[in-house]
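Protein chains in written order, with the working numbering: chain A, 18 to 130; chain B, 3 to 504.
Mixed in with the good hints, there may be bad ones.
[What the hints assert, rightly or not] Beta-carbon label-pair distances, calculated as ranges:
| hint | chain 1 | residue 1 | chain 2 | residue 2 | range |
| --- | --- | --- | --- | --- | --- |
| 1 | B | 338 | A | 30 | 43 to 51 Å |
| 2 | B | 427 | A | 64 | 30 to 38 Å |
| 3 | A | 26 | B | 60 | 35 to 43 Å |
| 4 | A | 27 | B | 314 | 43 to 51 Å |
[Unchecked claim] Pulled a few chain B residues facing chain A out of the computed Cβ check, cut under 7 Å:
| hint | residue |
| --- | --- |
| 5 | 194 |
| 6 | 195 |
| 7 | 198 |
| 8 | 202 |
| 9 | 252 |
Keep in mind that the hints were calculated from the coordinates and are not lab data. Cβ coordinates follow ideal geometry from the N, Cα and C atoms, glycine included.
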Amino acid sequence: MDHTRDNPLKRFAAFWIAALLIASFAIACVILRPMTHGDVTTIYDMKAEARIELVSEARAAQEAALNTAGLEKAITEPSDNLHKQVPTPGSKPLVAPAPAETPKEDEKPAPAE
Amino acid sequence: MAETTSNADSLDVDLRATIDRSLRHPVMFFFSSGAVWLALSIVLGLIASAKKHAPDFLSCFSFLDAGKVDAAHMSTLTYGWGAQAAFGMLIWLMARLSRKECTASGIILVAGHIWNAAVAYGVLCIMGSGSLGPWFESSGVAGMEFPGGVWVVLLVSFIMISIWSLIQFQVRDAGHVYVSQWYLLAAMLWLPWIMVTAWLFVFVFDGSPLMATGIASWFKGTVFALFFLPVALASAYYLAPKVTGRPVYSYNIALFGFWSLAVIGPWVGMQKLAGAPIPQFLPAAGAAAMVMILIPALSVGVNILRTVQGHGKAIALSPSMRFTASGIVLFVGYGVLSFALNNNIGLKVSQFSYAGYGLDILGLYGVFSLCAFGAIYFIVPRITRREWLSRRFIRWHFYLSLYGLASIVICAVVGGVFQGQGTEDLTQPFLTGARRAAAYGWGITFAWGFLLLANLFFCLHLLLMWARLGRRSSHPTLLNKHHAESPHGPEGEVDNYGSATI
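Just chain A, same shape as in the assembly:
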C-alpha cells in the first residue's frame, strides 16, 4: 500500500484545488457573460427610437387631420338649439301605464272546504 500519496499537505492542497475549481465556474461565467450576453438593451433602445418616431408622426398626422373648430361647432350648435327649445303649452308627457298588481301569496282566497 502506497502511503506517500496521503499526507496533510496533499490534503490541504486538494481542498484548495477543489474549492478553486468550483469557484472557477463562477469566474468563467462572469468573464464569459459580456461575450455571450445578447444586446437586449441596445436592441430595445434601437427599436424604441424608431417606434417613438413612428408614434410622433402618427400623432402629428392625427393632429393635423383633426378639425377642432369644426368639431366644436358640430357639438355646440345642436346643444344650443336644444337648450333654446321650450315646452309647448298643453302637451302632456307620455307616461307608461302602471303594471297590473298580482295578488300576494297570503292574500289568495282560502280554498273551499
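Based on these hints, arrange chain B on the given structure of chain A.
This is chain B only, laid out in the frame that chain A set:
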C-alpha cells in the same frame, strides 16, 4: 503464505469497518431524512395529481393551489429525497473505493442539516407565496422555484458535503480507478458547475426573462442527467460486480457509456421551450440530446446486465441487486421513451401534456430512486452493523414501487399522448385535450397511493434501522426464507468486523 493472506484480509475488514464507522452518522442522516422527504413528496404528488382532474379538491387551502403543490412536489422529490440519497451514496462509495476513512463527518452532518433547513424554507416559500409575507416568496421560475438565496445555501452545503470525497479521491492509494469513481467524480464537479451557472444567469445577471426560463429548464434537465444519473450508475457499477463476484463485463463499453453521457448530458433540458421565441437551435439541441440519451442508456444497460448475466439467483435473492437491476432496466426504458417522446413528432404531444411528466418520474423514481434503494439496502447494514428486520417489508417495497411506477408512467404517457393530440387538434376546443386525459389522471392519482404505501414500508424500516433496532445476525436479509449460500459473498461480512466497536 496463507497466514499472510489471512492477515491482509483481516486488515482489509478492519479498514472497511473503520470507513463505515466514520461515515455512519452522516450517511444514516442523509438516507433517513431523504426517506421522510420522499414520503412527503409522494403525498404532495398525490394531491397535485388529484387537482389535475378534480380542481376543487382541497381548494379551501390556498397553500395547496395546483401551481404551488406541483412545484413543491417536484422540489421535495428532487432536493429533499433525491439529493440526500445521492449524497449518502456518494460519500460512502467514494470513501470505500478510495479506501480512506472520513475525517470530516461532523462538518458533513452540519452541512446536511443546513441543506435540510434550506429545502424546508424553500418549500415553505413555494407553498406560502402570497400569504406568509415578503420573506416567504417563491422565485416563480419554473424548475427553480426556490428563492434565489436558497440556491446559494444549497451550493455551499453541497461543497461542504462533497469536498471531502474529492480529497479522498486525490489522496487515494495509487492504483486502479474504478468505473464508479469516474461517475462519482464527475457528479461532484458537474453539479456545482450547473448550479453556479444557472443561479448566476437566472437570479444575478440582468438578462431576458425568457432566457432565464430556458436556463432554469436546462438546469432541471441537467441536474438529472449530470448528477442523479451518474450517482445511480456509480452505485450500479459498484454493486453488480460486488454482489455477483464478477468483474465489470467490458471496461471499453463502460468508458464509452461514461463519455457519451458526458457529451450528451449537458445539452438536455431546453426542449421544454420548443416553439418559444428563443433561438431555435437551443430547444432543437435539447430534443436531440434527449433522443441520444438512448446511447449511454444502452451502453450501461448492456454492460451491467451482461455483468450479472447467469446470476439470476443473486438478483432474485439480494434486495440491493434486485432494485439495482430494475433501475438499470428502467434506464434502458427511459432511453427508449426519451427517444420516442422528444423527436419531431413526439415532442408535439409530450411538451404540454402528462407525457413529459411521466418521463420525468421514470427518470427520477424509476432509474435513480430504484438504484438508490438498492444502494441503501446494501450500505445500511454495513454502517449500522445490523441486518434488515423484515424481508416482507422489502418485498412489499419492491413490488408496490414497481407497480405504482409502471402505472404512473403508462397512464402519463398514454394519457399524455391523447391529451397532446387533443391539444394539437385545432378543430376541437382546447378543453378536449384535458377531457381525454382525465381518466388517466385518476390512474396516476391511484398509482401515487401505491407508491406512498411502498415508501411508508421503506421509511419505517429505515427509521428502525437508524434506531439500531435491526437484527443482530450474521445472515443478510435475503428475499427467500431458506438460503444455503449468500450472494453477498462470504457469510456474515457485517459481523466479521469482529472487535471493531462503535
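Within 43 to 51 Å or not, the Cβ separation of residue 338 (chain B) and residue 30 (chain A)? holds, 45 Å
Mind checking the CB of residue 202 (chain B) against every CB in chain A and telling me if the closest is under 7 Å? holds, 5 Å
For the range 43 to 51 Å, tell me whether the beta carbons of residue 27 (chain A) and residue 314 (chain B) fit it or not. holds, 45 Å
Does the Cβ-Cβ separation between residue 427 (chain B) and residue 64 (chain A) fall within 30 to 38 Å? holds, 37 Å
Hint check, residue 194 (chain B) versus chain A [nearest Cβ-Cβ separation less than 7 Å]: holds, 4 Å
Quick one, is the residue 195 (chain B) hint okay against chain A at 7 Å, beta carbons? Since chain A brings a Cβ to about 5 Å from residue 195 (chain B), closer than 7 Å, the hint holds.
Identify whether the interface hint at residue 198 (chain B) stands, where standing means a beta carbon of chain A within less than 7 Å of its own. holds, 4 Å
Can residue 252 (chain B) be said to touch chain A, with a Cβ gap under 7 Å? violated, 28 Å
Is it true that the C-beta distance of residue 26 (chain A) to residue 60 (chain B) lies inside 35 to 43 Å, as the hint says? violated, 59 Å
This entry does not satisfy hints 3 and 9, going by the numbered hints stated previously.
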